[in-house]
Structures are given as structure tokens and as C-alpha cells.
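Visitor: Sequence:
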Amino acid sequence: MKKILARILICVMVLGLVQTGNTAGTAKAASTDADIYYAVHCQTYGWGLGVAKNGEVTGTSGQAKRLESIKIWVKSELSGSVEYETHVQTYGWSIGTKKDSEECGTTGEAKRLEAIKIRLTGQLAEVYDVVYRVHRQTYGWTDWVKNGTECGTTGQAKRLEAIQIKLVRKNGADDADLKYTTHVQTHGWLDYVVDGKQSGTTGEGKRLEAIRIDVPNTSCTGGITYSVHCQTYGWMNWVTNDMQAGTSGQAKRLEAIKIKLTGEMAEKFDVYYRVHSQTYGWLDWACNGEASGTSGLAKRLEAIEIVLVEKGETAPGETRYPYVDAAIAKQIEKEKEEERKRQEEAEKEANDKATSENLRKVLSEAVLVPTITRDTAIDTKVQEVLAQVVKPEMDNYDKLLACYKWIIDNSFYKYDGFTGSWNNTNVSYSNNRDRQVVSFAKTIICGVNGQRYGTCINYGSAMVVFARALGFEAYRVGGETLRADNSYGEHYWCVIKINGIWYNFDPQNADNNWTDPLRYFGKTNSEWLGIGYKFTHGSEKAEGYIKGGTYK
Numbered sequence: 003m004k005k006i007l008a009r010i011l012i013c014v015m016v017l018g019l020v021q022t023g024n025t026a027g028t029a030k031a032a033s034t035d036a037d038i039y040y041a042v043h044c045q046t047y048g049w050g051l052g053v054a055k056n057g058e059v060t061g062t063s064g065q066a067k068r069l070e071s072i073k074i075w076v077k078s079e080l081s082g083s084v085e086y087e088t089h090v091q092t093y094g095w096s097i098g099t100k101k102d103s104e105e106c107g108t109t110g111e112a113k114r115l116e117a118i119k120i121r122l123t124g125q126l127a128e129v130y131d132v133v134y135r136v137h138r139q140t141y142g143w144t145d146w147v148k149n150g151t152e153c154g155t156t157g158q159a160k161r162l163e164a165i166q167i168k169l170v171r172k173n174g175a176d177d178a179d180l181k182y183t184t185h186v187q188t189h190g191w192l193d194y195v196v197d198g199k200q201s202g203t204t205g206e207g208k209r210l211e212a213i214r215i216d217v218p219n220t221s222c223t224g225g226i227t228y229s230v231h232c233q234t235y236g237w238m239n240w241v242t243n244d245m246q247a248g249t250s251g252q253a254k255r256l257e258a259i260k261i262k263l264t265g266e267m268a269e270k271f272d273v274y275y276r277v278h279s280q281t282y283g284w285l286d287w288a289c290n291g292e293a294s295g296t297s298g299l300a301k302r303l304e305a306i307e308i309v310l311v312e313k314g315e316t317a318p319g320e321t322r323y324p325y326v327d328a329a330i331a332k333q334i335e336k337e338k339e340e341e342r343k344r345q346e347e348a349e350k351e352a353n354d355k356a357t358s359e360n361l362r363k364v365l366s367e368a369v370l371v372p373t374i375t376r377d378t379a380i381d382t383k384v385q386e387v388l389a390q391v392v393k394p395e396m397d398n399y400d401k402l403l404a405c406y407k408w409i410i411d412n413s414f415y416k417y418d419g420f421t422g423s424w425n426n427t428n429v430s431y432s433n434n435r436d437r438q439v440v441s442f443a444k445t446i447i448c449g450v451n452g453q454r455y456g457t458c459i460n461y462g463s464a465m466v467v468f469a470r471a472l473g474f475e476a477y478r479v480g481g482e483t484l485r486a487d488n489s490y491g492e493h494y495w496c497v498i499k500i501n502g503i504w505y506n507f508d509p510q511n512a513d514n515n516w517t518d519p520l521r522y523f524g525k526t527n528s529e530w531l532g533i534g535y536k537f538t539h540g541s542e543k544a545e546g547y548i549k550g551g552t553y554k
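For any residue, its number in my numbering is found by taking its place in the sequence shown, counting from 1, and adding 2.
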């Protein structure tokens, strides 16, 4: 019935209220807009904090300053008032109801406010709800309440320290803003982020140690509550509305978290959250009090994302594995292995069917991410060569072919103590195979005593360095190749992977067979086997041999 009356009242005000004496017969529509203002008398500051309005925070936090009195008023063309009562140290509720900017509390007596009730009357009450919350000594922010509900504490001698008040239209759209911050190893407290943004770090190996979550603005009553699983302590007590969960200064990692909403917020919204966990990366989304993270695995949380979704709407992502224990960890590893095998089978099938006939088109579709070796001599020479042989009008095919031809045209086959050493680089890599590639490429790219030479492993390594400099996903692989006497001998070459298909490049064999160098340029695995090659280092597709793939 109240909702029906509110709608009728708004319609009447918009359509009517003809001004008396207006001979032109025009009508002035009464506005239903309203703003709520409030000021507090605060320990030390008096009334000096100024006037806040429409949900702004007034008061203090972290200073242990009591609120002592408050004034509240509304500006609107609607009739009615804002009424309020405060529970005051010593006096309780006995000061009585005040309204429309009257002072409610005490000044000059050093008495703390402990609780408050706020309500609307008249047309204001028909059109709006008044929604408010307070910051209390010890407990921090309360949940949001509305329309005369007591907010604060009584019988505990806890001071009010700050307050927010806002007007919310009845039957309006529900909304809520979310903010959160994390305390991160080394970094301390990060800046607050909002609505699904990442808080924390990834790729740094830094633990989360504590978290604060708040709903600083909402049209609903209620709030947010959360609990963390902390190293040494296990699951800690639930806290609410921007209070710290976890520890700081103890070097204790968070391992898991639960988050849920309260009041009307829990009826109108779902809260989803996911964590970035050591070893596992981003886990799936948890919802409404479910655990997110790990247990029994000693894995740190590194980052978190939290988002509010209207009740019943689709989750922001997968929800299967938000939480990992020993049993789930085994299941995840099993599924990863099964997926790896499926991908291998799919790639094998694709490679078996692939041909090099459309190589130019395939290369043009490749996503290029150029990388350098970090060996200054090699990187400098590579850029010099690219500047010489690569032209702006070239497509990816012609750029790669230009590098392939440069190796062939500027090198010759020779084995000596330089070509056989893979330890001739000043750069250290966590992946030894990358270090070998860079070292073996040096005799071809930079030369030795003014000459560029090497064996198949040097030619193949040089092709890898040039291909990566252009931005391709390139590796050096080993196997065997057919010799003139029909026997097979050890051999090395370059492979490039594009959309799951392997393409083979052998500039050293092309140098031996210069009349048909394209015979060894960009062939698929099935074609490669057909011209006398075998993959013996690793699986048939060389997957087991070419782990890593970028200079570490």
C-alpha cells in the first residue's frame, strides 16, 4: 500500500499544483528531488568539520575522537521533516527527538554519542527512505540501516566517531559500491580498488597478509562480512565493513577467504570473489560465503578480485574450483594432464593434415612478439642485419625469408672449437637450452675472426634468434637427416609454431643444396618426414625437447 501511495503522490506533484492567480493557465510542477545535509560536533574540532551531504562521511576514524552532537536537515519542495534521536553518554535516549537542523546531543560536557535513530515524516517519508551508518569505537563501520532503526551501540560505552546519511528513492533501482584493499608483503597497504579490480600482485611472489572490504555507498540496508584463513592461526573471526582481517607486521600469509553480504544487500546481490594463489594462479570464482583459496598446502594468496552481481545474474566466470585442498589438487593435476594429452592429439592431427602451400598466409596471421637475447653483441648485430635486409613493404613471409637467405649467403660450414662450444655468451639464463641457442648462434651472427661459419646446430640456432627477433615463437630442435649414402646422421634445425602447427626451417641443409633452398623453408612435420628427416630429440613433434621458448 505504501508503494502505491508513493507512486500516486509523485504523479500528482508532477502533473498538478496550479499556481493561484496565473491567468495564463500554466502549471508549475513541484520537484520531488531532495538533499540531506548533516553536521557533527566532534571532540577537539567542535563544529569545524563543516557540512556533509548525501552519503558523505563526516567525523573521523583512526583518531579516537568522539562525536558529541549532530544536526540534520533536508532541502526539498516535499513537505515533511527529518527527525532524529541520539543515545548520549550518561543521558541515554532522554534528550528526545529533534528535527530539521536542531542540535541533538551535548556540547561542552565531553559526552560521547553512542547510537542514533533517523527517520522521515510527511511527503518525504512517502517518497524516500533515509539510509545511514556509523563508525563505532572498536567495531568500525556498522551495516547500513534505514528509517528509524537504531545504529551504534548501547550499554558498551563505545563512542560514535563518524557517520554517513543518504536519501534513497523508494522503488528506485538497487545499487551498491564496493571497495577493498590488501596488505601485501613488502608493499604494505595498497590503494583501495573498486568493483572487480585486482588488489595485490601477480608475478612477484608476494603474500597477502590482510584485507579490508567495505560497501561505502548503497541503496540497501546491510553490509559485508568476511573471514580469512591465515598461516598459523587458521580461520580467523568474521569482521565487517572495512575492518582488518588478517595480520600485519607478523609475516603471515593469507591462504583463503570467505565473503558474504548481510541485510537487504544479501537479498538483492550476490558477492563473487576469486584469488590468485601460489602455484595455481587465478582460481575460479567463489560466491556468498564459499571458501576461496587453499588449505593444507601452505600456499599464499597473492591477489584478489571482488564484484557484486545482481541476485541471480550470471557469475563473472567459472565457479568449479574456487578452493583447493589435497584431494582437489590431485583432481586438477589429473584434468590438466588429460587436457594436455587432448591438445597433443589435436595438434598431431592438425600437423598431419597441414601443408606449407599457404605458408605466406599463415605467417601473415602470426601474432608477433619480438624478443632479444640480452647478449649485447648478438642483439646489436641482429638489429643491423634486420635494418639491411627487411624492408617496410615486406610481409612476414618475406621478412623471415630475408633472414633465412642472409644466414645462407653469409655463412659456410665448418667445425672447430668455437662452433662446438655453447658456453661463449656472457648472458645467464634460467633455461640452459636458451643459453645454448644464443651461444651456438654467435659464430654465425657475429662471426669469428671476421668469418661466419658453423655446423647445423649453429645455423639452426641463428635462425631461431632471427625468428624471435622478428617476433615468432621459434625453437631449435634436433633429430636426424638422410645423408648422401642413405644413412641417417645427427642434425639440428629451427621450428616455428603458429596456431598449433609446426613449421620447419633448415638453413644449413639449404646452404648445402643452394639450387633449391626453399625445399627446407617452412615445411610442415609431415612434409619434413617426407624429405628425409626424423625427430629423435623429444617426441615426434619435438614437444619434449623445446620447453621454455623465450629468453629467461
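What the hints contain is simulated information worked out from the structure, not anything from laboratory work.
Every residue gets a Cβ at the ideal spot worked out from N, C-alpha and C, and that includes glycine.
One or more of the hints may lead you astray.
What the hints assert, rightly or not - In silico DSSO-like cross-links for lysine-lysine, where the CA-CA straight-line distance does not exceed 30 Å:
1) K199 - K343
2) K160 - K113
3) K313 - K172
4) K343 - K301
5) K350 - K363
Said to hold, decoys possible - Now the in silico label distances, taken between C-beta atoms and shown as ranges:
6) E347 - T378: 41 to 51 Å
7) Q252 - T99: 39 to 49 Å
8) A112 - D193: 32 to 42 Å
9) L531 - V196: 55 to 65 Å
Visitor: Would you mind confirming whether the straight-line C-alpha gap from K350 to K363 stays at or under 30 Å?
Guide: Given that 30 Å is the threshold and the Cα spacing comes to 21 Å, the pair holds.
Visitor: In this structure, is the beta-carbon distance linking E347 and T378 contained in 41 to 51 Å?
Guide: Hint holds: Cβ distance 43 Å, inside 41 to 51 Å.
Visitor: At the C-beta level, are A112 and D193 separated by a distance inside 32 to 42 Å?
Guide: With a Cβ separation near 36 Å, A112 and D193 satisfy 32 to 42 Å, so the hint holds.
Visitor: Please work out if K343 and K301 have their alpha carbons no farther apart than 30 Å.
Guide: 27 Å, holds
Visitor: Holds or violated: K160 and K113, Cα atoms, limit 30 Å.
Guide: Satisfied, since the Cα-Cα distance of roughly 11 Å is no more than 30 Å.
Visitor: Using the beta carbons of L531 and V196, state whether their distance is inside 55 to 65 Å or not.
Guide: Check passed, 56 Å falls within 55 to 65 Å.
Visitor: Between K313 and K172, is the straight-line Cα distance small enough, at 30 Å or below?
Guide: Distance of about 19 Å is within 30 Å: holds.
Visitor: With respect to the beta-carbon atoms only, verify the hint that Q252 and T99 lie 39 to 49 Å apart.
Guide: 48 Å, holds
Visitor: Sort out whether K343 lies within 30 Å of K199, counting only the CA atoms.
Guide: 34 Å, violated
Violated hint: 1 only; the structure is consistent with all others.
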